[in-house]
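Sequence order for the protein chains is V and R.
Numbering follows full-length UniProt numbering, in which position 269 of the first sequence is assigned residue number 269; successive positions increment by one, without gaps.
Numbering follows full-length UniProt numbering, in which position 404 of the second sequence is assigned residue number 404; successive positions increment by one, without gaps.
A few of these clues could be false.
Each pair may be met inside one copy or between any two copies, as identical chains are not told apart.
Claimed, not checked - Cross-link-like lysine-lysine pairs, in silico, DSS-like; alpha carbons within 27 Å at most:
no.: 1; residue 1: 374; residue 2: 82
no.: 2; residue 1: 541; residue 2: 351
no.: 3; residue 1: 487; residue 2: 374
These are computed hints drawn from the structure, not numbers from a lab.
Given the structure is predicted, the values throughout are model-derived calculations rather than measurements.
Protein chains: 2
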Amino acid sequence: MDPLDGFHLYDTTLRDGSQQEGLTLSVADKLAVARHLDELGVTYIEGGWPGAVPRDTEFFARARTELDLHCARLAAFGATRKAGVAVQDDPQVTALVESEAPTVTLVAKSDLRHVTGALRTSGEENLAMVRDTVAHLVRLGREVFVDAEHFFDGFCHDADYTTSVVTEAFAAGAGVVVLCDTNGGMLPHQVTEIVEDLRARLEQAGHGQARLGAHTHNDSGCAVANALTAVRAGITHVQGCVNGYGERTGNADLLTMLADLQLKMGLDLVPEHTLEEATRIAHAIGEIVNMPVSPRAPYVGASAFAHKAGLHASAIRVDPDLYQHMDPRAIGNDMRMIISDMAGRASIELKGRELGFDLTGEQNVLSRLAGTVKQREAEGYSYEAADASFELLLLDEIGRVPRYFEVESWRATSQQLRDGTLETEATVKLRGTVSGTGTGQNGGASTGRAVAIAEGNGPVNALDLALRQALRDRFPLIDQLELQDFKVRILDAHHGTDATTRVLVRTAGADLEFTTVGVGPNIIEASWEAISDAYTYGLYKAGVAAPTG
Amino acid sequence: MDPLDGFHLYDTTLRDGSQQEGLTLSVADKLAVARHLDELGVTYIEGGWPGAVPRDTEFFARARTELDLHCARLAAFGATRKAGVAVQDDPQVTALVESEAPTVTLVAKSDLRHVTGALRTSGEENLAMVRDTVAHLVRLGREVFVDAEHFFDGFCHDADYTTSVVTEAFAAGAGVVVLCDTNGGMLPHQVTEIVEDLRARLEQAGHGQARLGAHTHNDSGCAVANALTAVRAGITHVQGCVNGYGERTGNADLLTMLADLQLKMGLDLVPEHTLEEATRIAHAIGEIVNMPVSPRAPYVGASAFAHKAGLHASAIRVDPDLYQHMDPRAIGNDMRMIISDMAGRASIELKGRELGFDLTGEQNVLSRLAGTVKQREAEGYSYEAADASFELLLLDEIGRVPRYFEVESWRATSQQLRDGTLETEATVKLRGTVSGTGTGQNGGASTGRAVAIAEGNGPVNALDLALRQALRDRFPLIDQLELQDFKVRILDAHHGTDATTRVLVRTAGADLEFTTVGVGPNIIEASWEAISDAYTYGLYKAGVAAPTG
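Excised from the complex, chain V in its bound form:
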């Protein structure tokens, strides 16, 4: 499929989205986000500004070998050449070329006040900068888009000049000129008027068929509506960010626009089965950038199709469609009644079946399990994100949880010595009682007791290493399990350092991938719980028999 054929869904999460206060992306984060965006089926992924931001230069370098895009095309963002410099001699333009991105999106000033006040050059030179840079990159075989910065404000101030920037870009070979509401203050009726006016001018200038785009921000609360309005006025390229990330109040939310355009305005942007992944992808990206999806987010938020029980409840049962603006399954979300039915017996029975346990009719087990889940979630546990810990809970309830090891004691110490060096070590002692099968060097066949000590980067790392060492001889499979992800969340932050901590640990290896959870006022204790559960679960799922002693 040639991306130029259809409508462009252009994602700028990795560039403009990362301007969001509090959002910082590593190169690995960026690669992970890009894979999700490609899976969603966006047309373009703007990866960053190579040459200006070192991390972005590295992103494009690694993308060449590590990013195997199936659908999306990678775009590098950059600026037109500097005033008074030949385009070939501008290192920033050279960096764009060297990024090897097939598409380059150039930001160009289109408000004369910014040209003279911020760039401190003339309107004429600015036009030459647009012309030279676009033509140069087109000559080198790049697809070139131009972001007309401050387009709407500029058009209101001096429509002739702003239009001349657009026509200059098209004349030099730009594939799209994107009308940017950089300060984000436009209202929908203004967008309609300005886009229609511009299109009439472009028609006269012989660029009536040229493709226009819209880049909107949410400063007046109208980012999505402004983009939709622009589409109705003839625009065929919209830019936005997943979950509405972006500088200040954020960019237009890409997934809201996608759902509105496809489900309500009839545009065919991504395959149906891909749109059904939208909710999952929004939340996955929220996890990667560590900025969770707002429960109130349109379409993909946890509350987007949630109904407080009461007035509507009985009517909803009769005909849910009367109470929702679309079928939530179309974007992978679901209608939900807010009556904490998550921990109800029915859902636990369903969950059990999902895990391979038939609990049909086991009302006592289901009731006890529902009670335990409710109580532990009140303490801060979260089983939604930790299937493995839920399964261990279930196994415990039916008396089938395997006991691979019993902990005698553990200790973790971090210290800064007089000379400034940091030292962290941990000791783990496992009892011998269950070790009938063990003959490890650390313990010995006579007692089966295992004592291990390890140094680490931090107390949790040291404890993890010590526990692995204590288990290794008995259970060599341990070496195949790797702790891949470690998340800490302070639950009651208002108690300062004296608060409850939740730790989620993701483990992979031996053809498994699973998450365990630990909770406690002490981060070390919570981590210990999640890690020791991870090894128990890993050994159990890999089919290792528990000692019978």
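Following the hints, position chain R against chain V.
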């Protein structure tokens, strides 16, 4: 001022807003919110549903004596009479009368499918219910508004029937009929078409001058735009909730609509000096309902006028108005520079000025500082969230960072003993070299050395307590500083427990509130850095002199 004269700004935070998942309001909360809304100058405050919700009955009772409204009028929300019941005999209608609210807003079904499917009555009886209830309340001297529920969906399904509900309400004496997008899925162009169609029909029916309202939800991300669009189509009453609270994705954000209508569309809704309180009021209400204002909220959010990009900073210095869609002071907010690794010298100069340091022309200092920020952010530090740590960095650069204490060593140990009990303790040793002024029990005047030990809930808590104890005798002000918030982020989570950790600590007390940051592979080390910086910064800002020894 007769509220019927001008445009209506109708707040439903206390009714529809409280449908938000996770939001529960006590009567005292409701009274406090109402006072803030009155101060803001809204025209109507919908207080709740007396007779249906016991708390709301109590709210209206207490409002009569405890709520002294200067500007707003109180509205009680309720439903039209039950099918087949005389209006005088409907206890729910009687409760509306007994609430003594001067205005009553009745919800009426206006979608025929809901009339037959949910109410299970006929279209004719539904019209009689509207007629009887409105006329009854008007006879009793109430101002009556009608919320036409599911108006837009109903109009699309059967415009004639839906219009007849509107005309029936006006004929019976309703002051406003409010067009409700109850399921929230409309797009702006649909709103325009439907409102224009309805107005033409009302013109024909002799209600061309009647007042229409709009009640919108954000399910398609267009709540605010849909209301503004309705206003352009002739509507003169908008309903919304502060901070966009509300069921599912929320109601239209009242303050965003107010600012758009007044500052961009030229309507004169509230006095200028009242609008300047909007940011404060939004945050005050967020505190009362325990659901903080999103930093990304238009106009009033903490990030709404925050700039991160180095790109813009130099130009912002020249003319801030080129980079903001309106003057943030008009709604009581402020422009703010965020220091990040994208920041160049210009933004550091601006940030310095914000903190009270004039670095104009200090090119060397600015360059070194920009370099340090860039390098440390690459290591994982984040100064955007940690102004205090940035200020310490700046003080360090100009040789003015105060040295209140020097650390000799520290140690934190967590352990689980054989009997299963958990123990955590920390030791902190401070050198005597800087303690010329200290005569504490822990150290003594001869050396000034301080040694303290403390137990805690976790290693960080124990270290914090030990450090406070070691500093207390020298600096009694320490007891006024409280660590209020503690955030942990694992930066390169894919290394499992062997990853970089960032800790943010918010400290308050002694009329200060600030955030410090610490980074390291060891969570204890990172926490130690953030905590010890917090005490240094707190003592410095409180004006405590550093020992000179």
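Numbered hints the structure breaks, given as an ascending list: Nothing - there is no hint that the structure violates, so all of them hold.
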